[in-house]
Each structure stands twice: as structure tokens, then as C-alpha cells.
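There are 2 protein chains.
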Amino acid sequence: MHNIKIEQTSQPKEKPAPDQLGFGHYFSDHMFVLDYTEGIGWHDPRIIPYQPISLDPSAMIFHYGQSVFEGLKAYITVDGEALLFRPDANFKRLNRSNERLCIPAIDEQLALEALKQLVAVDREWIPTAPGTSLYIRPFIIATEENLGVHPSKKYQFIIIMSPSGSYYKEGINPVKIMVEQQFVRAVKGGTGEAKTGGNYASALKGQEIADREGYSQTLWLDGKENRYVEEVGSMNIFFKIAGTVVTPELNGSILPGITRDSMIQVLKSKGIPVEERRISIDEVVEAYHNGTLEEVFGTGTAAVISPVGELKYLDEKMSINKGEIGEVSQMLYDTLTGIQYGKIEDSFDWTIRL
Amino acid sequence: MHNIKIEQTSQPKEKPAPDQLGFGHYFSDHMFVLDYTEGIGWHDPRIIPYQPISLDPSAMIFHYGQSVFEGLKAYITVDGEALLFRPDANFKRLNRSNERLCIPAIDEQLALEALKQLVAVDREWIPTAPGTSLYIRPFIIATEENLGVHPSKKYQFIIIMSPSGSYYKEGINPVKIMVEQQFVRAVKGGTGEAKTGGNYASALKGQEIADREGYSQTLWLDGKENRYVEEVGSMNIFFKIAGTVVTPELNGSILPGITRDSMIQVLKSKGIPVEERRISIDEVVEAYHNGTLEEVFGTGTAAVISPVGELKYLDEKMSINKGEIGEVSQMLYDTLTGIQYGKIEDSFDWTIRL
Ligand SMILES: Cc1ncc(COP(=O)(O)O)c(C=O)c1O
Ligand SMILES: Cc1ncc(COP(=O)(O)O)c(C=O)c1O
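The listed protein sequences derive, respectively, from chains A and B. Position 63 of the first sequence, counted from 1, bears residue number 74 in our numbering, the numbering being contiguous throughout. Position 337 of the second sequence, counted from 1, bears residue number 348 in our numbering, the numbering being contiguous throughout.
Read the hints as simulated data drawn from the structure, not as lab findings. Please note that a few of the clues may not be correct.
It does not matter which identical chain is meant; a pair holds if it fits inside one copy or across any two.
[Claimed, not checked] Below are the DSS-like pairs computed for lysine-lysine, each with C-alpha atoms no more than 27 Å apart in a straight line:
no., residue 1, residue 2
1, K235, K199
2, K333, K26
3, K323, K199
4, K235, K323
5, K127, K24
6, K199, K354
7, K26, K164
8, K235, K26
9, K164, K24
10, K279, K16
11, K165, K24
12, K165, K26
13, K323, K16
All values derive from a computational prediction rather than experimental measurement.
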């Protein structure tokens, strides 16, 4: 159907040792490339040896930030099969990001087919040690050689893959996060709900401040009133307050996380009350003070579930659940990783076996 | 002092015809490159033949938008000399953008010296036809090969140059601009005051809407209240109301334009009242209705002064000064281009002759 050309590498790289992986340092032997040219559309799908990208210095990606990306993973199950987790949801989100950034839509079927073939070609690159996976990074960059500010007439859609280590080396460690006061990541009407480079560039400054104060991530508030909780650096955020799990609604300025959506479905299926709504930082502080803030956790492809052990807002340091992982967080983690590594049945039909 | 290596091209390109130039299509024979490596700092300043940039697909610029840029021009004066307009102000602003984007500061003296040498090497590329100039694009991109979200440990600072045509081919044509309602370019606490790719990517959508409705640019309102005037696509904005020139103050979300600053200085020197303050779109509409909205114009390196002949807000189309260039706009245009082309004395000490 889709005619994807495959050029095998003649120089396979040595694979890194499983305990050396970390995140995003090593890349597999092949990459997928698809070109866009105005008047022709997307063309020339191909799998080629992993290699540098050569662009004119006037290529628009270097100047005007027109880019989008995705992040998902391939896993080796306990039965030794290769498995993808909700890749269709990622390509759907990529197209929503494209729409916001004035990038022409990709064919989601072709993208999925390309990804399957790429993972098949580099199957040996999916690490098998517990907790490891192959992180997959689809991205699109504007490549027209032109300094005028307008949507590019040329793009490249590329998929690269990086074997990555276990996020939690010695069991799940709750993280410390800090509410950012001075800087803003996104605002309604901006690009916050798209997965585009500019959002991450603008967030670096808050991250720098968090680092300096010994916090691992920033919790962003909304850009208009500086009051409503949005999300963490690269995770959506959940609060368990008096037995109900609350997460900010998709308001146009936060990323619609696929892990977030999956967790909401799992919570519902277990009969745990869950609400998507506006939640102010004051409500969180109040719940902390009256003893009903039971759990806080982030959700994202990289960390799966990241329990928050300490939350700092202004001068107050709130210790959550004695700095330990809570019951619901643990259940969600076990359920999701169970499905991803094929240990429990995928009753949600989220996984694709290759 | 600064040891800038120069490698001359062995294959000089043919120069485009003066009437074919346009903006940002052609590039001179050489480029300046400076590398940054964590632990070493900025190193290896060099002028080399204009050539492609080759980067690993995991280079951070392709993913997380960590980039800044500048735009300025070199002119050939009526006496045949090459002249730069306030290049020091551009490199100062570049460093302010760097600070916001967590990019290490450059040595402004070195940058200026590099620019002078680069313009000298490619002096023949400065076009001489009336209204033409050599557009100069310094930019910095994050080049570390790593998918982790953090400030890059490697960068390239590059300067490319593009001969560009006269912005106004048949005299100054007032433009039609339109106030954007749905999308937001920037918000206080975000990256609006930095010259970084993400701001331009996020503005493309508004531009697309303006194009569709037959307007040449978008006028952005503030991201918090959607009420206060900010700036136009790539220009700052000025309103002459009842004899006083008003422009939005530098509030943290608009670009501190160098043309803007220059125009304020010229207005002051001529005794024309000028105010930098918050101005709501309602105030503009009211002035229009009571007949005191005398002139509207944008300022920027590319257009110098761009008179606005029609301003659309919601369903109202306001015709400004009968769609013609106003007296103050014309005076500012004549003064600035007079200084840039060496026709009138530079009493502000803005120009550097090479
Ligand atoms: C800003 C941001 N929010 C949330 C998430 C979580 O999204 P997902 O669960 O799809 O990985 C990510 C990571 O992808 C992110 O970058
Ligand atoms: C967003 C924006 N505002 C204003 C300006 C005008 O700035 P300057 O006068 O320094 O060219 C520019 C162009 O550089 C711009 O991109």
C-alpha cells in the first residue's frame, strides 16, 4: 500500500550496555524520513541509515521555530514480543500540533506503517532489561530556505529511536516540584496544547530556577491569572483530594497527555472518582492544610507515573503522603507498566504487537 | 585582538539582479561561525564560504526550539561607503534574548568585529539600487545531540547575509492590518520580549487568518486581558492621537524594537510629544470615532516605517488618514532612511562606517 523504501545500514553501530542507557543519548541504526514540497505534498517515504541532516543556514527551522514532535515507546513484553503503546494517539496529536503550527497534516496511516517497519528493522535496539524501552521521537521541521516569516513550503518528517534506561533505577522515587511564579510557559490562545519546540524553550528558564533551588521540575500556573494549575515540565499533574482524583481540564494551554488520558480511563474502570476541571493552587494548598491532599503525581511517557513527595509554593513546602508513593499512584503505575510489558491483559486495546 | 580566521570561497556565486532581490531569498558568499562547548566557552570564530549546516537528527534545535536571532542591515551610502545601523544595539538585544532562553552570552565586541569583517569580505553583496540593502541575520542554535529537555551544552552562533530589495517598490504603500481575537502571540512572563523562533511560530496562525481576510499583518493584543495593544507581526506600532504619538510601553511581552527606539528619539528631538504607555484597543477605537486618530504606523528594520491605511477590529474597518501616509510617518521615514543612506547628518551617532 504505502511504498516505503528501505536502505539497510552497512555499518551497524555497537549497542550500548543496558545500564548505560540513560535517556536520549543513543540512537538506533536507522531513521524514517518523509519530505514535503508545496504543490507535491508529502513524498518519498524511506527508511535510511541514521545520519546527519544537512540544511541551508537559511532553513526556516533555524529561525522561526516551525516544528512539532511526539514521544512514545516500544517495549519488549515478558513473552519477548515487540509492542507499541497507543501510537495512533501520538500521530493524531501530531496532526493537531501541525494544525496549530500551520504545518500540512501527515497521513496517520502512513506514519503508523512507517513506524512499524522502522521498529521491525531496528528491533534489536529495543532493550530488554526490566524497565527499559525504545523511546521513539517523530518530529517535523520547516526546511524552506527563506527568511520571510510565513509557513514553510518545505518540511521533513523524521522518526528517530533511542534505547532508554529505566526511569526508576532503585524503585519509584517521589520527586520534589516547585510552583513557578515569575515565568509563564503558555497561555490560552498560544501554543501550549501543541507539542512544539517553543513551549520547551520558554520553559527552560523556570527549570533553571527549580534546579537551583533543588527541585526536579516546575509546576506551571496559567498565564492569565497565575492561579490555576496547568502541568509539570513534561508531565500532566494529578491531585488526590479527599478520595477524588482531580486533574486540570484540557483548557487549550496544556498538552493533552496520552498517559493522562490512559490514567483517567484506568481510574474510571476501577471505580475511583476522577474529575477533569479547573483547579487553583489555592485549592491545593487548602487541601494540604486541612489534611485532605492525599496524593500528587505526574503522568508522562518517560516517567509513566511520577509521585510528588514535596510541592513548594511561595515559601511553603508541602510534604505529600510523607514523601512516599501513594496507593493510587502505585496502582496506576502497576496497571500501565503491566499492560506495556504484556504482564496483564490489555482490556483497553491500547497496544499494538508487531 | 579577536583572531577571526578567514577562508575565502573559491566559487563566488553570481549576484542576483537588483530588481529580483525580494527579501531573504539570496545569500552572500560567506558566513560567520562561532562554536560554543560547555567547559570551553565560545570558540573558533571563523569566516567561511556559505555552506549547509550538518547536524545530528537529535540536535536540540530540531526538538526544543532553543534559538535566538537578530535582524539588521548594511547600506551603501550616497557617497559609496558601507554603513551599519546600530549593530551594537542588536548584539545587546541578542544577549538579552540569550538570557531568557538560557543560552550563554556572546562577546558583543567579538560579534561586532566579526560582523564588520564579514561585511568587508562580502562588500560587493551590498546592493546599491535605491532602497536596497544587505539584510544581516545573526542567529544562535542549540546543537547538543540529546533528547533530554535542558539547556543545550553546545551552540553555534552564525551570521548570514541576504541582499534585499526595496520594501516599497512604487512609493510607500499604506498596509491593512487586522486585530487578532482568537490566538495570542505572547504573554507577560513568556518569551515575547526575546527574539526567539517560538514567538514567530506561534504567530503564523494569526497571520494565516489575516491573509485569508486580505490583511497584510496581524495586530496582537496582550495575552492576559486581550485588550491592550502589543505589536504587529514583525513591527512595533505607533498611534498619533490628537497630536501626541503613543506607542505601547516595553511591558515584557513585546519586542524592544531598535527602529522603535530610534523613532522615539527622533520624535523627541523634533519636539513632537511621544508617550510610551499602555494603550487599549478601545482607546484606539474611541479616538477613531471622535476623529482624533490621525496616523497609525509600524516600525521595523525591514519596512523602516509602514503606514497603516486600514485597521480592522471585530467588525469595524477603520480607515486611517484616508488610507494615505501621514505627515509624521513621512518625516520619520525620511529622517531614518536619510541617516541610513548617508543623505543627512547622523546627529544621533547611530551609524558605523566601515
Ligand atoms: C508539556 C508536556 N506535558 C505532558 C506530557 C505528557 O504527555 P504524554 O503522556 O503523552 O507523554 C508531556 C510529555 O510528552 C509534555 O511534554
Ligand atoms: C516581533 C517584532 N516586533 C518588532 C520588530 C521591530 O524590531 P526592529 O525595529 O529592531 O527591527 C521586529 C523585527 O525585528 C519583530 O520581529
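- When no copy is specified for K127 and K24, does a C-alpha distance of 27 Å or less occur within a copy, between copies, both, or neither? Within. Shortest intra-copy distance 21 Å satisfies the 27 Å Cα cut-off; inter-copy 44 Å does not.
- Item | Status of K26 relative to K235 across identical chains (alpha carbons, at most 27 Å) | Classified as neither; 47 Å inside a copy, 49 Å across copies.
- Given identical chains, is K165 near K24, meaning Cα to Cα at most 27 Å, within a copy, between copies, both, or neither? between (31 Å within a copy, 24 Å between copies)
- Query: From the Cα coordinates, with 27 Å as the cut-off, is the pair K235 and K323 best called within, between, both, or neither?
  - Reply: both (21 Å within a copy, 25 Å between copies)
- Indicate which option fits the pair K164, K24 if close means a Cα-Cα distance not exceeding 27 Å: within, between, both or neither. between (35 Å within a copy, 24 Å between copies)
- Task: Indicate which option fits the pair K199, K354 if close means a Cα-Cα distance not exceeding 27 Å: within, between, both or neither.
- Result: neither (40 Å within a copy, 47 Å between copies)
- K323 and K16: within-copy, between-copy, both or neither at 27 Å Cα: neither (52 Å within a copy, 50 Å between copies)
- Same-copy or cross-copy closeness of K323 to K199 [CA-CA at most 27 Å]: Result: close both inside a copy and across copies, 25 Å intra and 22 Å inter.
- Quick one: K235 to K199, C-alpha cut-off 27 Å, is that within a copy, between copies, both, or neither? Both, since 8 Å and 9 Å are each at most 27 Å.
- At most 27 Å between C-alpha atoms: does K165 with K26 qualify within a copy, between copies, both, or neither? between (34 Å within a copy, 24 Å between copies)
- Message: With identical chains, the pair K333 and K26 could be close in the same copy or across copies; at 27 Å between alpha carbons, which is it: within, between, both, or neither?
- Response: Neither, since 40 Å and 70 Å both go past 27 Å.
- Query: Under a CA distance limit of 27 Å, which applies to K26 and K164: within one copy, between copies, both, or neither?
  - Reply: Classified as between; 24 Å across copies, 38 Å inside a copy.
Hints 2, 6, 8, 10 and 13 from the earlier list are contradicted by this structure; the remaining hints agree with it.
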